[in-house]
Amino acid sequence: MEDRAEQEHTSRKRDQEPDHVLRVYSDITELIPSPENPTPLVRLNRINQNKDFQIYLKLERYNPFGSVKDRIAYEMLKALEVGKRTVVEPSSGNTGIALTCLANAWGIAVEVAVPQRIPEEKKIMLRFLGARKVWEADDSLCPRFPSEGARGLVDALIRSPATKDKYISPNQYENELNVQAHYRTTGPEIWKQTRGEINYLFAGLGTCGTIVGAGRYLKEQNPEIRVIGVEPSSATHRLPGMKRITGLAPEYIPKILDSSVIDETIEVSDGEAYKTAVELARSEGIPAGPTTGAILWAALNYASSHRGLAVVISPDDAFKYTSFYRDYLEGETGKS
Amino acid sequence: MTANRECDLSDLLCPLSKMRATEIIDNLPAGETVRIILGDMDSVKSVVQELKARGMKPDFKQESENRFVLTVSKQ
Numbered sequence: 001m002e003d004r005a006e007q008e009h010t011s012r013k014r015d016q017e018p019d020h021v022l023r024v025y026s027d028i029t030e031l032i033p034s035p036e037n038p039t040p041l042v043r044l045n046r047i048n049q050n051k052d053f054q055i056y057l058k059l060e061r062y063n064p065f066g067s068v069k070d071r072i073a074y075e076m077l078k079a080l081e082v083g084k085r086t087v088v089e090p091s092s093g094n095t096g097i098a099l100t101c102l103a104n105a106w107g108i109a110v111e112v113a114v115p116q117r118i119p120e121e122k123k124i125m126l127r128f129l130g131a132r133k134v135w136e137a138d139d140s141l142c143p144r145f146p147s148e149g150a151r152g153l154v155d156a157l158i159r160s161p162a163t164k165d166k167y168i169s170p171n172q173y174e175n176e177l178n179v180q181a182h183y184r185t186t187g188p189e190i191w192k193q194t195r196g197e198i199n200y201l202f203a204g205l206g207t208c209g210t211i212v213g214a215g216r217y218l219k220e221q222n223p224e225i226r227v228i229g230v231e232p233s234s235a236t237h238r239l240p241g242m243k244r245i246t247g248l249a250p251e252y253i254p255k256i257l258d259s260s261v262i263d264e265t266i267e268v269s270d271g272e273a274y275k276t277a278v279e280l281a282r283s284e285g286i287p288a289g290p291t292t293g294a295i296l297w298a299a300l301n302y303a304s305s306h307r308g309l310a311v312v313i314s315p316d317d318a319f320k321y322t323s324f325y326r327d328y329l330e331g332e333t334g335k336s
Numbered sequence: 001m002t003a004n005r006e007c008d009l010s011d012l013l014c015p016l017s018k019m020r021a022t023e024i025i026d027n028l029p030a031g032e033t034v035r036i037i038l039g040d041m042d043s044v045k046s047v048v049q050e051l052k053a054r055g056m057k058p059d060f061k062q063e064s065e066n067r068f069v070l071t072v073s074k075q
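Chains as they are written, first to last, in this note's numbering: chain A, 1 to 336; chain B, 1 to 75.
These aren't lab readings, by the way, just hints derived from the structure by calculation. The hints are all genuine.
Only part of the chain B face toward chain A is listed, based on derived beta-carbon distances under 10 Å:
(1) Leu-9
(2) Ser-10
(3) Leu-12
(4) Pro-15
(5) Gly-39
This one's a predicted model, so the numbers in the text were calculated from it and none came from an experiment. Glycine included, every Cβ here is placed at the ideal spot set by N, Cα and C.
Work out the full structure: start from the sequences and follow the hints.
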């Protein structure tokens, strides 16, 4: 078992630094972003009317598996001593997709626990990728995690005498590598791409790895940078991957959240998020997921009364949410 | 109630115990009785809640510190 673990570990080490100019890679994991191979930063020119407040989107859809979660999945899985066990993780989709892709590349078995309410597209993707099992959990499934059945289910798999030796979980809610991945890559990328001119970082609250890791790095470079967190205005929402932190009992707040990094938290409704995501697609040609709409809505509101350069984290693309967008667009048609 | 069968779920924590108990109840033929053995109070609470939601009234007995028995009949 130790031999296999060692073999897995060795196979996850890179032989040499990849060449990001020619973009020829020895395996897909070499496409995980870094300051030498950043995801794009794209300025918004039409949706934002305030020329004194420039907004750049950090397009995390350009990660190899399609979302910001590729960064943390890579760091967490690389460090995990899997052995003969199966990796299991609660996810609203993106972490599960990233973990499954990486696990496929490294020959590891993965199971993913997802909330029932996530888009069907994400569940289909997990099955398409060959996740050994996709557990669907109702939010109220577990009294230990009253609004997060998927987290409760994985917790039970890891702790139950019958299953605990068969499973191991990266546990993105408590794994400091979730923060480190963004401290080592997302933060330095943004600093380098903006040539140190960034004034505001806008990011969503979920596991809180992105905002804490990137925010901490940026504040270390310039303490004047303001870090703004965005959360759903209601605990029940259609913004998969986001979590309403305000009002949560302490035991349900992600352990990796360092609130000292966050200067302000802004609440966004589903309607505001979806409306902004649709406007972004139609005015800038950028098809992003609804959480991008939520975070961008907060930045656009800031634009009316602030000056400077803002970076908005855009976690993923629109294609995994077409059924959710269909519902929104049908409502939009009904209103006209 | 005299049970026709017994299912030991004492090595599963909630919500795995609840999910497994729900499967057992769903597959229980009408007129039969099952003894479901659970190993912790969180499991007992959530399984009882699930049974009540289905209009079932289980008999409850604590046999030891970590052994709880629910006896359930399906009409």
